[in-house]
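Undergrad: Residue numbers (numbering that gives the first Met the number 0), protein chains in the order written: chain W, 0 to 339; chain R, 0 to 280.
Derived from the structure by calculation, the hints contain no laboratory data. Please note that a few of the clues may not be correct.
[Said to hold, decoys possible] Derived pair list, reagent style DSS-like, types lysine-lysine, alpha-carbon separation capped at 30 Å:
| # | chain 1 | residue 1 | chain 2 | residue 2 |
| --- | --- | --- | --- | --- |
| 1 | W | Lys128 | W | Lys96 |
| 2 | W | Lys205 | W | Lys14 |
| 3 | W | Lys96 | W | Lys74 |
| 4 | W | Lys96 | R | Lys241 |
| 5 | W | Lys128 | R | Lys167 |
| 6 | W | Lys96 | W | Lys14 |
| 7 | W | Lys96 | W | Lys205 |
| 8 | W | Lys74 | R | Lys241 |
| 9 | W | Lys128 | W | Lys205 |
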Amino acid sequence: MTASTAQTTMSDGTKGLVVRGLTTTFDTTRGLAIAAADVDFDVAPGEVVGLVGESGSGKSVTLRSIMRLIREPGKVSGRVEWGGRDLVAMPAEELRKVRGGEIAMIFQEPMTALNPVLPIGVQIEENLKAHTGLTGSQRRARALELMNIVGIPAAERRLDEYPHQFSGGMRQRAMIAIALACSPKLLLADEPTTALDVTIQDQILKLLLDLRDRLAMSVVLVTHDLGVVAATCDRMAVMYAGRIVETGTVAEVFARPHHPYTRGLLGSVPRSGHSRTMLQSIDGTPPSLTALPQGCAFHPRCSFATEICRTDRPPLDLIGAGRRVACHHHEEVAAAEPIL
Amino acid sequence: MISLATTTRTVLRGRKLPRSLIGGGLILVISLVMAIWPTLFAPYDPNLFDYNALLAPPSWDHPFGTDSFGRDVLSRVIHAYTIDMQIAIFATVGPFVIGTLVGAFIGYVGGFWEALFGRLVDATVTFPFLVLVIAIVSVLGPGLGNMYVAVGIVGWVFYARLVASEIKVQKRLDYADAGRVMGYTPMRIVFRHLLPNAITPAIVYWMTDMALAILLGSSLGYLGLGAQPPAAEWGVQIADGKNFMNTAWWISVFPGVAIVLTGLGFSLAGDGVAELLRVRR
C-alpha cells in the first residue's frame with residue numbers, strides 16, 4: 000500500500016480491517032509450530048465475517064494475533080491495518096486506545112473472561128474509565144444503558160451482582176456489554192456461543208446481529224459451527240492448518256465449495272429435508288503444526304489429491320469477485336456432485 | 000486498599016463466618032483492647048517495685064504472683080500486650096505490603112526479574128529465618144525498631160513468592176486477556192484486576208505470620224535482642240523468670256500462656272480467613 004492510499008484510509012476510516020500476511024509462530028521444544036501462516040482477509044464496515052475451521056486450524060490464534068494477545072514464545076509478523084495504522088507495529092500506548100475503544104473482543108468462556116471479584120457494573124465502568132472522561136454517575140448511567148441494550152433483565156439490581164450470580168447466557172451478555180461500552184467499530188468474537196446451550200446460543204447470535212445493525216459495527220466471528228456461520232455471517236473464510244483455504248460470501252461457499260476441505264466440512268453437517276443418508280466425515284486427523292506435510296497441507300486427507308498436491312503448495316487464488324481458494328483442483332471440486 | 004475491600008465484600012456476601020474465625024477473632028479483639036488500654040485491666044503499675052512481696056506466689060492480691068523485684072506479674076502480662084501486639088502488626092505489615100507489591104510486579108513481568116528473584120529466594124531460605132534475623136539485629140544493634148527492620152528485610156521475600164506465583168496463574172486467565180483487550184494499562188490490570196484474585200494466600204499467610212512474629216518478638220526479647228528490660232514484654236519476662244523456675248514458676252509461665260493464647264488467636268483467625276476465602280473458588 001502506498002503512502003497516499005494509507006492517507007485516504009486514515010481520513011475516511013471506512014476501510015475496516017485489512018489483514019495481510021499475518022503469520023504467527025511458536026518456538027516449541029518439538030520445533031517451530033506455525034499456528035497461522037500468511038493469513039489475508041478484509042472486514043468491511045458493518046460486515047460479519049466468519050472464520051471457520053477445526054480445533055487447531057489457527058482461527059483463534061489469528062484473532063488473538065490481530066489483538067496482539069500472543070505471548071512469548073509466540074511471534075507475530077505481517078500487517079493488520081486498522082484505519083490506516085498497523086496494529087502489529089503500533090506502540091503500546093496507541094494500541095491501548097484502539098483496544099477496547101475501537102476494537103473489542105469477546106471470549107468463548109464468559110465465566111473465565113469476567114473478573115470473579117468485581118461486580119458486573121464495575122467491570123463495565125472500568126472500560127469507560129479507561130477510554131472516556133465520563134464522571135462516576137455518567138459511567139453508572141451508561142453501564143445501566145448497556146445492560147439494557149444487551150438484554151439483561153433487572154439491570155439496575157444486576158449491576159451490583161458478581162459474575163458467579165449470572166447464568167451462562169447472561170454472563171456472555173455481560174461480557175458483550177463490557178466489550179461494547181465504548182461503541183467499538185469492530186468486534187472480534189472468539190467462539191462466543193460454544194460454551195452455551197443451543198437456545199441461548201441463538202439468542203446471543205441474534206443479539207450480536209442486532210447490535211451490528213444498531214451500532215454499525217463489523218464483526219469477526221470465529222467458530223467451528225457451520226450452522227452459526229450460515230445464520231449470521233455475510234462472508235466466511237475457511238482455515239486449515241493455519242492457512243485460509245477458501246473465502247467468499249456465505250451463500251457462494253455453501254452453494255459451491257471450491258476446496259475439498261470446505262466440501263468435507265459441509266458434508267459432515269446433518270441437514271433436514273433430505274432423504275436420510277450417512278453423514279460424511281473427513282478421513283484422518285489435522286496435521287501437527289510442527290510437522291506440516293509437504294505441498295498442500297490437506298493432501299493426506301484429500302480424495303482429489305494428485306502428484307502436484309504432494310509437492311507444491313497451492314496459492315490462495317482469486318477465482319471470482321471476493322472469492323478465493325487454495326486448491327490445485329478447485330474446478331474439479333466445484334464440479335463434483337453437490338454435497339449440500 | 001480498594002481491592003482488599005472489594006474482596007472482603009465479595010466473600011462475605013450471604014455466608015456464615017467460620018467458627019475458627021469467630022473464636023480467633025474474639026481472642027484478638029480482647030488482646031487488642033488490652034493492648035490499647037492496659038491500665039483499665041492491670042491492677043498495678045507494671046514497673047512498681049513492692050519489696051514487701053518479692054517472688055510472692057499467686058494470691059488474691061497478686062493473682063499471677065510477683066517477680067524478683069516485687070512487680071505484679073498480671074499487670075506486666077497485661078501491659079506486655081501493648082508491645083507484643085505492636086510486634087505482631089509492625090513486624091508483618093511491612094513485609095506484607097512490600098512483598099505483595101514486589102510479588103505482583105515479578106509475577107506479571109516475569110523473565111529476567113523472576114529469575115533474579117528466584118535466586119534471592121534461594122539465598123533467603125538457605126538460612127533459618129531466626130538465624131538470619133538475629134544476624135541482622137546483631138549488626139544493627141538490639142531494640143524493637145531494628146527488629147522490625149530485620150524482619151522486614153527477610154520477611155517480604157515469602158510474601159512476594161506467594162503473590163508472584165498467584166499472579167503468574169491469574170495473568171494467563173481469560174479475564175486478564177480481556178482486560179488487555181479492553182485497553183487497560185498494565186498497572187490497572189495488575190492492581191485492580193489480578194491482585195484481588197491473587198492476594199488470598201498472602202492474607203492467610205499474613206495472619207499466621209503475625210502469630211510467628213509474636214513468637215519471634217518474644218524469642219528476641221528473651222535473648223535480649225528485642226524489647227529491652229525493664230519493658231514489659233513476654234519474652235523479656237520469661238527471661239526474667241528463668242533463674243527462678245524452680246522456686247517461682249509463675250514469673251515465666253503466665254507470660255508463656257499469654258504468648259500461646261495470642262498465637263492461637265492469630266492461627267485460628269488465619270484458618271478462619273483461609274476457610275472463608277477458599278469457598279469462593
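Undergrad: A separate judgement is required for each hint: does it hold in the structure or not?
TA: Hint check:
1. W:Lys128 <-> W:Lys96: Satisfied, since the Cα-Cα distance of roughly 12 Å is no more than 30 Å.
2. W:Lys205 <-> W:Lys14: Measuring from Cα to Cα gives roughly 25 Å; hence the hint holds.
3. W:Lys96 <-> W:Lys74: Satisfied, since the Cα-Cα distance of roughly 22 Å is no more than 30 Å.
4. W:Lys96 <-> R:Lys241: Roughly 68 Å separates the two Cα atoms, so the pair is violated.
5. W:Lys128 <-> R:Lys167: Distance of about 26 Å is within 30 Å: holds.
6. W:Lys96 <-> W:Lys14: holds, 19 Å
7. W:Lys96 <-> W:Lys205: holds, 28 Å
8. W:Lys74 <-> R:Lys241: violated, 67 Å
9. W:Lys128 <-> W:Lys205: holds, 29 Å
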